[in-house]
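J.: One letter stands for each residue in the lines below.
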Amino acid sequence: MNSKNWPLFEVFIRSKNGLSHKHVGSLHAADPAMALENARDVYCRRNEGVSIWVVPSDHITASDPGDAEELYEPARDKIYRHPTFYTIPDEIGHM
Amino acid sequence: MSPNQSFELCLRMGDNALILGQRLAEWCGHGPILEQDIALTNISLDLIGQSRLWLSLAGQIEGQGRDEDKLAFFRDSNEFRHLNLCEQPNGHWGTTLMRQFLFDAFHLPLLEQLCKVEDQQVASIAQKSVKEVRYHLRWSSEWVVRLGAGTDESHEKMQQALLDVWPFAGEAIQPNAFDLELTETCPPYNVQAVNKAWWSSVNEVFNQANLDVPEANWAPQKGREGIHTERLGFILAEMQFLPRAYPDAQW
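Listed in order, the protein sequences are those of chains A and B. Throughout the first sequence, residue numbering follows the working numbering, covering 1 to 95 in sequence. Throughout the second sequence, residue numbering follows the working numbering, covering 1 to 251 in sequence.
In case anyone wonders, no lab produced these hints; they're calculated from the structure. Bear in mind the structure is a predicted one, so any value in this text is a computation, not a measurement. Don't take each hint at face value.
[Said to hold, decoys possible] Example chain A residues on the side facing chain B (calculated, C-beta under 10 Å, incomplete):
hint	residue
1	Trp6
2	Arg14
3	His28
4	Ala29
5	Ala30
6	Ala33
7	Glu37
8	Asn38
9	Ala39
10	Asp41
11	Arg45
12	Ile52
13	Pro56
14	Ile88
15	Asp90
[To be verified] With a straight-line cut-off of 30 Å between C-alpha atoms, the simulated BS3-like cross-links for lysine-lysine are:
hint	chain 1	residue 1	chain 2	residue 2
16	B	Lys196	A	Lys22
17	B	Lys157	B	Lys116
18	A	Lys16	B	Lys128
19	B	Lys222	B	Lys157
20	A	Lys16	B	Lys131
21	B	Lys196	B	Lys116
22	B	Lys222	B	Lys196
Idealized CB from N, CA, C, for every residue including glycine.
For reference, chain A alone in the conformation it holds in the complex:
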């Protein structure tokens, strides 16, 4: 058995109902069913979650870190778009 031949999966775990799934890491598995069980055994043994998603890593399209300037920097100085720009009146309470 050679792990080099096994595809990589990304693992997402929902820590409790109502929260969203969060990326926790990756693992190797021969098929999706095995990936789910490996995720359960590797990432949920300390009571970390109530739901697991596994996604083949090559199905994820990621942004290129080299494009960071054009992708993210333009938003940095437009502070009127940032959630911290507005003061929320007290009477609104939690939104």
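With the hints as your guide, set chain B onto chain A.
T.: The following block gives chain B in isolation, referenced to the frame of chain A:
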């Protein structure tokens, strides 16, 4: 359930889990890949945990001051009540998987039966364990199918593993006097229902895995009466050495 019956039952359940758990622990650090190393060690730890509960209860029922450790580490081989299947060597990954599947397919329906008995202490240990074992069976079944129906080589290895382990599987589903007595005196426990469930898992999984189910020509095994194969001595020598050499050792 009389105290004698529940003592005997606890030893059986506890010893099955202890000896198989110890066997699986031999894989620790040797699994084919990290993920499976952890999977198997998790199962080993589940079983050791279950064995602690059963043996503690056994000691409590016996009332002679033997706790889980005394029962695990200071009994000799003819006092152990597990199935000889549990003590068979790990072989390769496929052999371990095959042994695990044949045991899980028996362990799960047995625990499901015990969840319903009147004895509350027995039932509550069974109810806690049954959730773990449901996963064990799912995991080992999937592996048997994956390798049995995999490549030509993996298929051949699994068929051979089945032939190697099969003779020891019969003990699990051949009721002895104690099973029949429990079935009669402790309804709804019914040993026949366990056998039926075992055969149904075995036929279903081996069918999916393209493996031929061998004939039911079982080797006569009497692990439940304390007559074990030569394998057990080696397991006990390793498992019991430390507490016997240093009886007061503490973690």
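J.: The structure should be examined with respect to each hint, and the outcome stated for every one.
T.: Outcome of the hint check:
1. Trp6: holds (7 Å)
2. Arg14: violated (19 Å)
3. His28: Holds, because the Cβ-Cβ distance from histidine 28/A to chain B comes to roughly 6 Å (cut-off 10 Å).
4. Ala29: Where the cut-off is 10 Å and the nearest Cβ of chain B is about 7 Å from alanine 29/A, the hint holds.
5. Ala30: holds (7 Å)
6. Ala33: holds (6 Å)
7. Glu37: holds (6 Å)
8. Asn38: holds (4 Å)
9. Ala39: With Cβ-Cβ at 9 Å, under 10 Å, it holds.
10. Asp41: holds (4 Å)
11. Arg45: Holds: closest Cβ of chain B sits about 6 Å from arginine 45/A, inside 10 Å.
12. Ile52: violated (13 Å)
13. Pro56: Status violated, d = 15 Å.
14. Ile88: Where the cut-off is 10 Å and the nearest Cβ of chain B is about 46 Å from isoleucine 88/A, the hint is violated.
15. Asp90: Not OK, violated: aspartate 90/A not within 10 Å of chain B, min 48 Å.
16. Lys196/B to Lys22/A: violated (43 Å)
17. Lys157/B to Lys116/B: violated (39 Å)
18. Lys16/A to Lys128/B: holds (22 Å)
19. Lys222/B to Lys157/B: holds (28 Å)
20. Lys16/A to Lys131/B: Satisfied, since the Cα-Cα distance of roughly 20 Å is no more than 30 Å.
21. Lys196/B to Lys116/B: OK: lysine 196/B and lysine 116/B at ~17 Å, within 30 Å.
22. Lys222/B to Lys196/B: OK: lysine 222/B and lysine 196/B at ~21 Å, within 30 Å.
In this structure, the earlier hints numbered 2, 12, 13, 14, 15, 16, 17 are contradicted, and the remaining ones agree with it.
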